[in-house]
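First to last, the sequence lines map onto chains A and B. Those letters in the first sequence? Residues 1 to 414, per my numbering, in order. Those letters in the second sequence? Residues 415 to 828, per my numbering, in order.
Since the hints were made in silico from the structure, they are not lab data. Certain hints may be false.
Derived lysine-lysine pairs resembling DSS-like cross-links, with alpha carbons at most 25 angstroms apart [what the hints assert, rightly or not]: (1) A:Lys40 - B:Lys537; (2) B:Lys454 - A:Lys123; (3) A:Lys250 - B:Lys454.
Per the computed footprint, the stretches of chain B lying under chain A, defined by three or more beta-carbons under 8 angstroms from a beta-carbon of chain A, are [unchecked claim]: (4) 449-459; (5) 666-675; (6) 808-814.
The beta carbon of each residue, even a glycine, is placed where N, CA and C say it ideally should be.
Protein chains: 2
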Amino acid sequence: MIEKARELDAADPLSAFRARFHVPDGVIYLDGNSLGCLPKATPAAMAHAVEREWGDGLIRSWNASELGAGWFEMGSRVGARIAPLIGAQPQEVIATDTVSTNLFKLISAALAMQAQTGTTRRKVILSEPGNFPTDIYMIQGLESQGLATRRLAPREHLMAELDDDVALLMLTHAHYKTGELFDMDALTKAAHDAGALVLWDLSHSTGALPVDLNGVNADFAVGCGYKYLCGGPGAPAFAFVAQRHHGDLKQPLTGWFGHARPFAFLDDYEAAPGIEQLQCGTSPILGLTALEVGVDLIAEIGVERLHQKSRALSEFFLECVLSNGLDLDLVSPRDSSERGSQLSFRHDNAYAICQALIARGVIGDFRDPDILRLGFAPAYLRFEDMADAARHLAEVFERSEWQRPEFAARSAVT
Amino acid sequence: MIEKARELDAADPLSAFRARFHVPDGVIYLDGNSLGCLPKATPAAMAHAVEREWGDGLIRSWNASELGAGWFEMGSRVGARIAPLIGAQPQEVIATDTVSTNLFKLISAALAMQAQTGTTRRKVILSEPGNFPTDIYMIQGLESQGLATRRLAPREHLMAELDDDVALLMLTHAHYKTGELFDMDALTKAAHDAGALVLWDLSHSTGALPVDLNGVNADFAVGCGYKYLCGGPGAPAFAFVAQRHHGDLKQPLTGWFGHARPFAFLDDYEAAPGIEQLQCGTSPILGLTALEVGVDLIAEIGVERLHQKSRALSEFFLECVLSNGLDLDLVSPRDSSERGSQLSFRHDNAYAICQALIARGVIGDFRDPDILRLGFAPAYLRFEDMADAARHLAEVFERSEWQRPEFAARSAVT
Chain A
1 MIEKARELDA ADPLSAFRAR FHVPDGVIYL DGNSLGCLPK ATPAAMAHAV EREWGDGLIR
61 SWNASELGAG WFEMGSRVGA RIAPLIGAQP QEVIATDTVS TNLFKLISAA LAMQAQTGTT
121 RRKVILSEPG NFPTDIYMIQ GLESQGLATR RLAPREHLMA ELDDDVALLM LTHAHYKTGE
181 LFDMDALTKA AHDAGALVLW DLSHSTGALP VDLNGVNADF AVGCGYKYLC GGPGAPAFAF
241 VAQRHHGDLK QPLTGWFGHA RPFAFLDDYE AAPGIEQLQC GTSPILGLTA LEVGVDLIAE
301 IGVERLHQKS RALSEFFLEC VLSNGLDLDL VSPRDSSERG SQLSFRHDNA YAICQALIAR
361 GVIGDFRDPD ILRLGFAPAY LRFEDMADAA RHLAEVFERS EWQRPEFAAR SAVT
Chain B
415 MIEKARELDA ADPLSAFRAR FHVPDGVIYL DGNSLGCLPK ATPAAMAHAV EREWGDGLIR
475 SWNASELGAG WFEMGSRVGA RIAPLIGAQP QEVIATDTVS TNLFKLISAA LAMQAQTGTT
535 RRKVILSEPG NFPTDIYMIQ GLESQGLATR RLAPREHLMA ELDDDVALLM LTHAHYKTGE
595 LFDMDALTKA AHDAGALVLW DLSHSTGALP VDLNGVNADF AVGCGYKYLC GGPGAPAFAF
655 VAQRHHGDLK QPLTGWFGHA RPFAFLDDYE AAPGIEQLQC GTSPILGLTA LEVGVDLIAE
715 IGVERLHQKS RALSEFFLEC VLSNGLDLDL VSPRDSSERG SQLSFRHDNA YAICQALIAR
775 GVIGDFRDPD ILRLGFAPAY LRFEDMADAA RHLAEVFERS EWQRPEFAAR SAVT
């Protein structure tokens, strides 16, 4: 398969972009859906932010007029650059805080909107069991405050669960474990028909899949900066609120960076009129600096092209797996149009297999209890990597490497 | 005064530490209480985190066993290093999120503890008007949820306001505008006697003033990473919860990083047993990297020595101001034992004066509506800087520079 892989790489219109990322020697990195690779432009951007903007500019860098840093606007600026990747307008997106914290704000905002407009008090937040844990936990946080009720229903029953109590349908577009995609259009429509608002978690979509938030008439969204956007470990997340809701937007994390006039130092909170209201504390400038580089690079490559390549990579990987005689239990949808940029396989020894692959330089992910998850970040992976990874996987099985004791012992953190 | 200044610098046991910071040429930086200077060790630490830990280590750097990065523990590790600066035990402090978000968690935690133990339902959060705005705004956030009631009383009336409705007394140790200090010991005792818990905001204290949280029996505290701790713009903040409260700790920002077993990917939230419960989303590794360098450097210099020098600097500055024949309206306490590491002056033209000083390379701060705030970060300022700054200030008045039109126009953000 290696010859075919090389032909595919030679014909790949994105092949030149690999050189814009730092991919360590000897590593086939199938975990860009957990932490994206480092863009080669990032170290210089970070050094500039640290040494020039902070070191020389000091407090003056908060303003746009001094040294051009404009830190105050940075959350809005990076948000505006993420917007076209997800079908949003620039003023609908802000880069701030974490996915978890942004979920808390937006679930709260949905509850407040429902309380304002509804005749009955809708308090149910509907999601699916097995959604990414933090999404479910953040509902529980509001539940512990007595403000929300968590309801989890398997995805095939979600439509039926959209009753008069549901304030918000909150789902992750591409499932973190299986990669299975929701039909955003159909579910958003169904939720709206039932009087519910919709929040899409785009953590496993943004930068790898085309998303059209305004096309499907979404209300809210959140997404992750450190996966396909290559913003670095623990990068700031983003949040989206549809323009039509800006007038009614209220959320309880009312920090000074979300104030209409933070430097008036008033005793009373007055929310900024737009998406800036979602900011809470002081913007994390160093994290935003790295995120901006990643977003710009992904935007330059283009989400449509990334999606095409992502599908081609995973299809070719499956072809290589088959050609190696491996018969694996695929839990991701077989049709690449129905899944995110990943393939997940179920195996009782998934943990040890993952460790054996890592020892060979093939870095994938184990997801408890029995899932080997391989991500195909299309910006920097080659078809040759697919052929090599499949060969390594076949050898792990042929040589029963996963049975070695050093791969069996699970660490607390994986 | 310049000769006396040089004598004082020559005798200053901390004078050598200035070389460990990047202080831009031509700048006298009297705003380290807003954004601390860059430690010279930070750029290399950031480059290492970006290029080696992220670039080479990739996802493996989350674990301590791979490349030694140990990102998962980083919030706890940096928190433990902050602990001795504020009289806390290592396991009582965590570096995470922002001051604002941490306030929300800890106010919520206080309300939950009061609901659990109290006979009546205490909902009042007592603070003072003119406290740093975000502190007051975060109370309003919980008020908007119907969970708290904000009560603001001038500091001389706080003790009298500690009635049976007060759940939490929440104050900033060193006032951001005037530098005035609260007596932490007396107020904590008074609050406890009245059945209230106490939260101290140490944003303008940590790294400049000795604080003994356990000595005064404090319940909660928050503090800022980007002022005296020199953690960089928008650095992660920290939070403290006294060990005796860990068993009862409950807060509503229940993200996956605060889960007891985040990588079990369970549907139900189970709080981590200790201070780690205050983590919510994924830790901001790049921000924590810079913060760690600043904390280590400040800890190496030592808070007691920093405080002594800070007092000496501000005393000497006032002496220089007087010797220049200036008669300014000092709003900070005259006794340096009663104020933080700053001096604030009231003047109708404070904004223009501040701008005229900045044009001369003397960077202070304007605080609406009429305060010129000069901070004396003791780690990198010299007595010579005090003499020079006072001379510049005198010249601004002698030459009426603040009347120049270019200094009068207020920008939206100052």
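Outcome of the hint check:
| no. | hint | in the structure |
| --- | --- | --- |
| 1 | A:Lys40 - B:Lys537 | violated, 52 angstroms |
| 2 | B:Lys454 - A:Lys123 | violated, 52 angstroms |
| 3 | A:Lys250 - B:Lys454 | violated, 42 angstroms |
| 4 | 449-459 | holds (count 5) |
| 5 | 666-675 | holds (count 7) |
| 6 | 808-814 | violated (count 0) |
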